[in-house]
Amino acid sequence: MRIPDRTPRLHRLPLLLAGLLWALSALVRAETPPTPSVENDGLYMFVRLNTPDQMAAFYEARGFPDNAIERLRRTCFVMAHIENRGDEVIWLELKNWHFLTRQGEVQRLNRNDWERLWDEIGLPQASRSTFGWTQLPGERDLQPGEPVGGNVILPATDDPFTLQADFLAGKDRRAGMISVRFENLRCAKDQAAP
Amino acid sequence: MKPRRLLLLYCLVLNGPAWPVADTLPLPPGVMAVDGTPAPPLRLDSLDGEPYDLAGARGHWVFIHFWATWCGPCKREMPSLQRMLKQLQTRQIEFVMVNTAESEDEVFTFLATVAPDVTPLMDTRGLVTEQWQPRGLPASFLVDPQGRIRYQALGGREWDTAPYLDFLHRLEAD
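Going down the list, the sequences are from chains A and B.
If you're matching positions, the first sequence starts at 844 in my numbering and goes up one per residue.
If you're matching positions, the second sequence starts at 38 in my numbering and goes up one per residue.
Just so you know, the hints here were simulated from the structure itself, not pulled from any lab data.
Owing to the predicted nature of the structure, the values given are computational and were not obtained by experimental measurement.
Heads up, some of the hints might be wrong.
[Said to hold, decoys possible] List time: in silico DSBU-like cross-link candidates among lysine-lysine, alpha-carbon distance up to 35 Å:
{"hint": "1", "chain 1": "A", "residue 1": "1032", "chain 2": "B", "residue 2": "123"}
{"hint": "2", "chain 1": "B", "residue 1": "123", "chain 2": "B", "residue 2": "112"}
{"hint": "3", "chain 1": "A", "residue 1": "938", "chain 2": "B", "residue 2": "123"}
{"hint": "4", "chain 1": "A", "residue 1": "1032", "chain 2": "B", "residue 2": "112"}
[Unchecked claim] Distance ranges between label pairs, derived from CB positions:
{"hint": "5", "chain 1": "B", "residue 1": "113", "chain 2": "A", "residue 2": "1013", "range": "26 to 32 Å"}
{"hint": "6", "chain 1": "A", "residue 1": "881", "chain 2": "B", "residue 2": "183", "range": "43 to 49 Å"}
{"hint": "7", "chain 1": "A", "residue 1": "1018", "chain 2": "B", "residue 2": "80", "range": "39 to 45 Å"}
The beta-carbon is built from N, C-alpha and C at its ideal position, and this holds for glycine as well.
Isolated chain B, as found in the complex (with noise of 0.2 Å):
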């Protein structure tokens, strides 16, 4: 798989039905429980120009992550959700890195230099962000098998420590 086909990192090996809502995981700083609304549809093409639909990612945890260029917090974040995404490739947690409401050349000349291995869906317009309804950029989700928002970070997080892949890795075993 060449490395920016690693956007949707589908490290999808589904092992059935069996995932009690993780409420009472002990959660990392700046993660918090939401209530399980369901998750705004999120439907768009990647930089590749390959279309992706989350209402096809039933069944298994996604991280959605929204981001853009011009956001310190969001280019500081970048290098450690790569890291993160290594560490996670196959496990059973897809990512999602949705960009807001900038260009393909903007987002190319960015990752080129931050975050090679990352091919983000393009908001081209910001308005399925806007339905999402970020607390800020970045902002972070983790959406259920079911299909429900379960949690959310508050801004830019280190992904690639212990307590956010300890997280991560329950999730997947939840």
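Okay, chain A solo, but in the shape it has when bound (with noise of 0.2 Å):
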């Protein structure tokens, strides 16, 4: 009878164990952050902060070209999830939030600047419709019940940041405003091989 011969295999543990390390550590880079969240008044708010892998693998999965995901993963992309639990109009104005740093306040990447940018680079039109489909919309009446989701995307820092969202309320905007507030937030990062 031949006995098998496992040497082979026994010199390959360490490269197996290093993989299982890799693929371990792999899965630590993906967590995103914590997802703070607050409620207040009748809205409930929540952000998170995507990594540039994770938009990445997002926006490539739909087809987007190498060239768009380049500028897409210099950029910090916050997720924001808003729902009207109130029984007020609650109007969703981009205008009225505000990125401070101690530095001063980050201007977000509009719809105009993406525009360029797609221009420039001759982004298919499916593409730039999907790509509008997942931003935040720049103004927008939720009526109670509703909900809304979207990025918004400002150039990355590694500055903290406090976002500071005033919302009026109202169908005429005349009801009061809720104010919410987000401390200490970070752009997301994909941390680096090992």
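Fit the two chains together into the complex; they arrive one by one in their own frames, and the hints show the way.
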């Protein structure tokens, strides 16, 4: 009877272990930061900061070309989900959102900025459309019970920042203002592979 | 009829022009009445390559649903829509699903696991969806027999539950 020689497998053991460790560290790297949320006067909101790898994977899977992905990787994705849990209309208006660092306010990249960029690189119309639908609307009324979600994109920054978001309430915007604040947010980063 | 042919679920048995506008219907949660502006054009091919034109749908209500595979609420809502379609398929509302700016492969793979009986129209460039200006995805519109938008649903809804089915049945009877 031939005895199988297992030596080569034993030699591979360190390699397998290294692979396992790499996979585990990749899992850790893929974790998103905790998701802060607030509920205030009938408005519920949470934000999540996604890593460039996560966002690249999303858009790559939808056929975005490399030059678009490369531009998106240079930015900071703030995914926001908002629900109107009250009885009044609430107004989502990104002009009333402020991203504040110690150095001052960070201006978000708006739809015109992206359209210019997409024109430059000739992004196909289907990708532009998908990209548009994944962004938070610039201005929208939220009816009672209505949710909305999407991304707000900032230039990448290493500085912690505060998101101060004000929402006017009432059909005519005259039923007061709901303010929410998320402090010490940080753009999520891909960790370098070991 | 093959399941994939259910696309437009032509469940149309027209009873003649007896449709006073349903402005007084009690509305289920998340459905709002709108002002009756004329529906934008909607001319697209289905995933099976069959052409569709909303202009040919005068005389009955049309339920138009915009969605995409990457959209979480769309994914959660789709099975409910499929169950609703099965419950209403012999009635007088036409159901039209419009996929927004995705490829046939993406849509086919998604529907095979989530809602195999649905065959959507393909807005491959996303331009028709933009003309309709939904508040987000998913979005559902109800177009009346005169071609005017009468209702819009806010976000994903449990379409196969009583409040929504009752509402749709009342539209049928309108």
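Given the hint of 26 to 32 Å, check if residue 113(B) and residue 1013(A) actually sit that far apart at their C-beta atoms. holds (30 Å)
Are the Cα atoms of residue 1032(A) and residue 123(B) separated by 35 Å or less? With Cα atoms ~46 Å apart, residue 1032(A) and residue 123(B) exceed 35 Å; violated.
Please work out if residue 123(B) and residue 112(B) have their alpha carbons no farther apart than 35 Å. holds (18 Å)
Do the beta carbons of residue 881(A) and residue 183(B) sit within 43 to 49 Å of each other? Once the Cβ atoms are compared, 45 Å apart, the range 43 to 49 Å for residue 183(B) and residue 881(A) holds.
For a C-alpha distance cap of 35 Å, please report whether residue 938(A) and residue 123(B) respect it. violated (44 Å)
Kindly confirm whether 39 to 45 Å is satisfied by the beta carbon distance between residue 1018(A) and residue 80(B). holds (42 Å)
Given the proposed pairing of residue 1032(A) with residue 112(B), does the C-alpha separation stay at or below 35 Å? Holds, at roughly 28 Å.
The earlier numbered hints that this structure contradicts are 1 and 3.
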